[in-house]
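Q: Counted the way UniProt numbering counts, the sequence shown spans residues 1 to 537.
Source of the hints: derived by calculation from the structure; they are not laboratory data. All C-beta atoms in this analysis are idealised placements derived from N, C-alpha and C, irrespective of residue type, glycine included. Just to be clear, a hint being listed does not mean it is correct.
[As the list claims (entries may be wrong)] Simulated crosslink set (EDC-like; lysine to aspartate or glutamate; CA at most 20 Å straight-line):
no.: 1; residue 1: 301; residue 2: 340
no.: 2; residue 1: 302; residue 2: 340
no.: 3; residue 1: 180; residue 2: 117
no.: 4; residue 1: 180; residue 2: 122
no.: 5; residue 1: 180; residue 2: 267
no.: 6; residue 1: 115; residue 2: 236
no.: 7; residue 1: 115; residue 2: 28
no.: 8; residue 1: 180; residue 2: 237
[Stated by the list, open to error] If you anchor each label on the Cβ, the simulated ranges turn out as follows:
no.: 9; residue 1: 375; residue 2: 298; range: 21 to 29 Å
no.: 10; residue 1: 402; residue 2: 174; range: 51 to 59 Å
no.: 11; residue 1: 35; residue 2: 317; range: 33 to 41 Å
no.: 12; residue 1: 493; residue 2: 262; range: 57 to 65 Å
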Amino acid sequence: MDEYSLVTERWISVLTLDGRSETVSLSEAFERAHELREIVGDLPTQSFAILRLVLAIAARAYGGPRSIEDWQELWSSDGRDFGPVAAYLAEHRERFDLFHPHAPFFQTSGLRTAKGEFSALEKLVADVPAGFQYFTTRAGRGLERVSAAEAARWLVHLQAFDISGIKSGAVGDPRVRGGKGYPIGTGFAGNLGGLYVDGGNLWRTILLNTVPLEHRSLQRDARDRPSWEAPPLGPEEAEDIDDRPYGPLDLFTWQSRRVLLQRDGDEVVGVLVANGDRLTPQNLHRHEPLTAWRHSEPQSKKFGRVVYMPREHHPGRALWRGLAALLPVTAPRGISDGSERFLAAAVVEWAGETLGGTDRVSLRTAGMVYGPQSSSVADVVDDRLVVPVALLGQSRPELAARVVESVAQTERAVAALGFLAADLARAAGAREPSILDGVRDEAQRLAYAGLDASFRAWLTDLDPDGDADRQICAWHRAAALQVARVADDIVASAGPDAWVGREVNGRHLSTAEVDARFRAALRSALPLSSSHEEAVA
Numbered sequence: 001m002d003e004y005s006l007v008t009e010r011w012i013s014v015l016t017l018d019g020r021s022e023t024v025s026l027s028e029a030f031e032r033a034h035e036l037r038e039i040v041g042d043l044p045t046q047s048f049a050i051l052r053l054v055l056a057i058a059a060r061a062y063g064g065p066r067s068i069e070d071w072q073e074l075w076s077s078d079g080r081d082f083g084p085v086a087a088y089l090a091e092h093r094e095r096f097d098l099f100h101p102h103a104p105f106f107q108t109s110g111l112r113t114a115k116g117e118f119s120a121l122e123k124l125v126a127d128v129p130a131g132f133q134y135f136t137t138r139a140g141r142g143l144e145r146v147s148a149a150e151a152a153r154w155l156v157h158l159q160a161f162d163i164s165g166i167k168s169g170a171v172g173d174p175r176v177r178g179g180k181g182y183p184i185g186t187g188f189a190g191n192l193g194g195l196y197v198d199g200g201n202l203w204r205t206i207l208l209n210t211v212p213l214e215h216r217s218l219q220r221d222a223r224d225r226p227s228w229e230a231p232p233l234g235p236e237e238a239e240d241i242d243d244r245p246y247g248p249l250d251l252f253t254w255q256s257r258r259v260l261l262q263r264d265g266d267e268v269v270g271v272l273v274a275n276g277d278r279l280t281p282q283n284l285h286r287h288e289p290l291t292a293w294r295h296s297e298p299q300s301k302k303f304g305r306v307v308y309m310p311r312e313h314h315p316g317r318a319l320w321r322g323l324a325a326l327l328p329v330t331a332p333r334g335i336s337d338g339s340e341r342f343l344a345a346a347v348v349e350w351a352g353e354t355l356g357g358t359d360r361v362s363l364r365t366a367g368m369v370y371g372p373q374s375s376s377v378a379d380v381v382d383d384r385l386v387v388p389v390a391l392l393g394q395s396r397p398e399l400a401a402r403v404v405e406s407v408a409q410t411e412r413a414v415a416a417l418g419f420l421a422a423d424l425a426r427a428a429g430a431r432e433p434s435i436l437d438g439v440r441d442e443a444q445r446l447a448y449a450g451l452d453a454s455f456r457a458w459l460t461d462l463d464p465d466g467d468a469d470r471q472i473c474a475w476h477r478a479a480a481l482q483v484a485r486v487a488d489d490i491v492a493s494a495g496p497d498a499w500v501g502r503e504v505n506g507r508h509l510s511t512a513e514v515d516a517r518f519r520a521a522l523r524s525a526l527p528l529s530s531s532h533e534e535a536v537a
C-alpha cells in the first residue's frame with residue numbers, strides 16, 4: 001500500500017498569524033513555524049500531545065540544544081534555520097509512515113487479538129463518549145471512518161491521554177488474562193497538569209518549551225530518545241521498562257498503548273488498542289518539564305521518601321487562582337522535612353530566566369479529567385494566563401510574592417461571601433446541608449465569574465517597574481467592589497424570614513447581623529481596599 005508520511009502529508013491543524021485555519025505536515029510546521037500562531041487540535045489535549053511530539057523532533061534535530069548559547073542562537077534565527085529539521089525528518093522518514101508494513105508510526109505491526117477483532121473508532125476518537133453516541137455530533141458516518149490525517153491526530157492523543165480500563169488482549173503479551181488486558185492506568189500525559197509557554201508563534205513556543213541540555217532543572221540519560229529512534233515494539237512491555245524513563249524525549253513520546261489502525265484506502269475504519277508500557281508519575285520532575293509538581297504526603301509515607309506528583313488541574317478553577325504553584329520564586333515551603341510544597345514547571349522557570357523582565361508571556365494549560373477508575377473522560381481543561389515575565393524569574397521576587405498574596409486574599413473574600421449566603425439561608429430557615437452548600441457554592445461561582453476577567457486584565461497590565469503599592473491597592477479595591485456587588489444582590493433577595501432571623505446553634509442570625517459580619521470579613525480579607533483612594537483614580 002502507499003505510504004502516508006506524516007513528514008509530508010498535511011495532518012496537523014494550525015492557526016496562522018493572520019487568523020486562518022490550515023492543515024500542515026511536520027515538515028511544513030517547522031519550515032513555517034515563524035508564521036504559524038499555534039497548533040490547534042480537535043481538543044486542547046490533542047494540541048498539547050502534538051506539541052510534545054514536535055518538541056521531541058526539535059530537540060533531536062537541533063542537538064538539544066546543548067548549551068544556553070546554542071539556544072540563544074536558535075532564538076535569534078527566528079525559525080528560519082530549517083536545515084537540521086529537514087535532515088532529521090529525512091533520516092527518520094520511514095518511522096513517520098502511518099501505515100508502514102513493519103513499523104507504523106506510534107503503532108505495533110501485526111498486533112492482533114485471538115479473535116482477530118478491531119474496535120470501533122470511539123476507542124480512538126476521544127470526543128466521542130463510549131456508549132453515549134447520541135450526545136455527539138460525530139454519530140453516524142463520522143464514527144464509521146475518519147481520514148488518515150484525523151486518525152494520526154487522534155493516535156498521538158491516544159498514546160498521551162488514553163483512558164484506563166480493560167483493553168483488548170494482544171496475542172504475545174504475557175500480561176493478558178482471559179483474552180483481556182487489565183488496567184495499567186491512563187496514557188502518561190493524563191497524569192499531568194499540562195502547562196506550557198505560548199511564545200506568540202509556533203517557533204518561539206517550541207523554543208520556550210525546549211530547555212537546554214545543560215540547564216540544572218532537568219536530568220537526561222544518554223539513552224533519552226523519542227520512540228521512533230528505538231526498535232519497533234512488539235505486543236509485550238518494553239524490555240528496558242525498569243530503567244526508564246530516560247528523559248523528556250522518552251516521556252514526550254511514551255508508548256502507553258500498543259495500537260494498530262485498520263485502514264481502508266485513505267481512511268481508517270477501526271482500531272485495536274492494547275496495553276503498552278506502564279508508567280507512574282512519582283518523582284519524574286527532573287524528566288518532565290511541562291507540568292508543575294506538588295509534594296504528596298500520602299505518597300511520601302507510602303514510599304518512605306519525599307515524593308512529588310504532577311499538580312493536576314481542577315475543572316472550573318481558573319489558572320490564576322493557582323498562581324502560587326506556577327511562579328518559581330513564590331512556591332511555598334513548609335513541609336516538615338524542609339522540602340518545597342510545590343515545584344514550578346521547568347519550562348516556566350526557563351522562560352523566567354531567558355526572557356526580558358519587561359516582556360509578558362502567555363502560560364497555557366491543557367489537561368484531561370477522568371471519571372471513576374479513570375475509565376472515562378469527565379472534562380478537558382484549557383486555560384491561558386498572560387503574566388509579566390518579571391514574576392517568573394528572580395528579578396522581582398517581592399512583587400511576585402505580593403501578587404500571590406493578593407490571590408489568597410481574594411479567595412478569602414470570596415469565602416466570606418459564601419458564608420454570607422449560607423448564613424442568610426440559615427436565617428431564613430434552611431437546614432439541609434445540600435441546600436446550604438448549594439447557595440454557598442453559587443455565591444462563590446458568581447463572584448469568581450465577575451472577578452475572572454478583571455484579575456486577568458490587572459495581571460496583564462501589571463508594571464513590574466511601577467508603584468507596587470498603588471497597583472496592589474487597585475486590585476484590592478476592584479476585588480472588594482466586585483464581591484460586595486454580588487453580596488448586595490444576595491442580601492436584597494434574602495426575603496422577610498431572613499430579615500427577622502432566628503437562633504441557629506446558639507447564634508442569632510438575621511440579614512442585618514450576617515451582612516455586618518460579612519462587611520467586616522471583607523475588609524479583613526482585602527485590607528488595602530479602603531486605603532490609597534488614589535489607586536484607582
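Q: Which hints from the list above does the structure break, by number from lowest to highest?
A: Per hint list: 5 and 7 violated.
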